[in-house]
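Here is what each chain is made of, one letter per residue.
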Amino acid sequence: NAGVMQNPRHLVRRRGQEARLRCSPMKGHSHVYWYRQLPEEGLKFMVYLQKENIIDESGMPKERFSAEFPKEGPSILRIQQVVRGDSAAYFCASTRRAYNSPLHFGNGTRLTVT
Amino acid sequence: EDQVTQSPEALRLQEGESSSLNCSYTVSGLRGLFWYRQDPGKGPEFLFTLYSAGEEKEKERLKATLTKKESFLHITAPKPEDSATYLCAVQAWETSGSRLTFGEGTQLTVNP
Chain L
46 NAGVMQNPRH
56 LVRRRGQEAR
66 LRCSPMKGHS
76 HVYWYRQLPE
86 EGLKFMVYLQ
96 KENIIDESGM
106 PKERFSAEFP
116 KEGPSILRIQ
126 QVVRGDSAAY
136 FCASTRRAYN
146 SPLHFGNGTR
156 LTVT
Chain C
1443 EDQVTQSPEA
1453 LRLQEGESSS
1463 LNCSYTVSGL
1473 RGLFWYRQDP
1483 GKGPEFLFTL
1493 YSAGEEKEKE
1503 RLKATLTKKE
1513 SFLHITAPKP
1523 EDSATYLCAV
1533 QAWETSGSRL
1543 TFGEGTQLTV
1553 NP
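Chains as they are written, first to last, in the numbering used here: chain L, 46 to 159; chain C, 1443 to 1554.
Please note that a few of the clues may not be correct.
[Unchecked claim] Calculated lysine-lysine pairs in the DSS-like style (CA-CA distance at most 27 Å, straight line):
hint	chain 1	residue 1	chain 2	residue 2
1	L	Lys-72	L	Lys-116
2	C	Lys-1484	C	Lys-1505
3	L	Lys-72	C	Lys-1484
4	C	Lys-1510	L	Lys-89
5	L	Lys-72	C	Lys-1501
6	L	Lys-89	L	Lys-72
7	C	Lys-1484	L	Lys-89
8	L	Lys-96	C	Lys-1521
9	L	Lys-89	C	Lys-1499
10	L	Lys-89	L	Lys-107
11	C	Lys-1521	C	Lys-1505
12	L	Lys-89	C	Lys-1505
13	C	Lys-1484	C	Lys-1501
None of these hints come from the bench; they were simulated from the model.
Bound conformation, chain L alone (with noise of 0.2 Å):
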């Protein structure tokens, strides 16, 4: 059994390029979380995703981050333009209800920026 797949690993991406992070859930799992770990620094929420629909997008930055669960294929979590600082591992956890589901996290895909 699988459990929650990101790729890349590791992304280095020059300042005002785009950054594309994929993000496959464990089989079975419907419900999809970005969190963003900055140096020196805890988990950070971003973002909430069911099939096809954000639920819940308040720790998101509202310019140049935009997040998506198709109905087939990975969740993706696009960062444009990126800036120095967005250098940070993302992790990505899913769960197999909405509530009272510990998430289950992929290893992270760490994004550098230079």
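Using the hints provided, position chain C relative to the given structure of chain L.
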């Protein structure tokens, strides 16, 4: 706003030296409190969920307890392989789905 504070930030133990990690929380209505373990370069790994004050959960050398204001993660006779960052998180009734608010973690090092 939900808040989670973990202490200490870092803890060094000798193998076999038992200790406790603390997690203090402020939340409007607690749906659940979660403990995770995170190894370097990896994602958090789920350990426990506690739902009500007085509840306890155990797994190998770890035991988690919950009161109305804090949770403790007790580590009995730790081994070097228990070295990791331990994260505490809360889930509130008013937040969406299974969204968690995390503390900044306690980095545990167990020396042989």
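Now the hints, each set against the structure:
| no. | hint | in the structure |
| --- | --- | --- |
| 1 | L:Lys-72 to L:Lys-116 | holds (14 Å) |
| 2 | C:Lys-1484 to C:Lys-1505 | holds (23 Å) |
| 3 | L:Lys-72 to C:Lys-1484 | holds (20 Å) |
| 4 | C:Lys-1510 to L:Lys-89 | holds (24 Å) |
| 5 | L:Lys-72 to C:Lys-1501 | holds (25 Å) |
| 6 | L:Lys-89 to L:Lys-72 | holds (25 Å) |
| 7 | C:Lys-1484 to L:Lys-89 | holds (16 Å) |
| 8 | L:Lys-96 to C:Lys-1521 | violated (42 Å) |
| 9 | L:Lys-89 to C:Lys-1499 | holds (26 Å) |
| 10 | L:Lys-89 to L:Lys-107 | holds (15 Å) |
| 11 | C:Lys-1521 to C:Lys-1505 | holds (15 Å) |
| 12 | L:Lys-89 to C:Lys-1505 | holds (26 Å) |
| 13 | C:Lys-1484 to C:Lys-1501 | holds (21 Å) |
The structure shown violates just one earlier hint, number 8.
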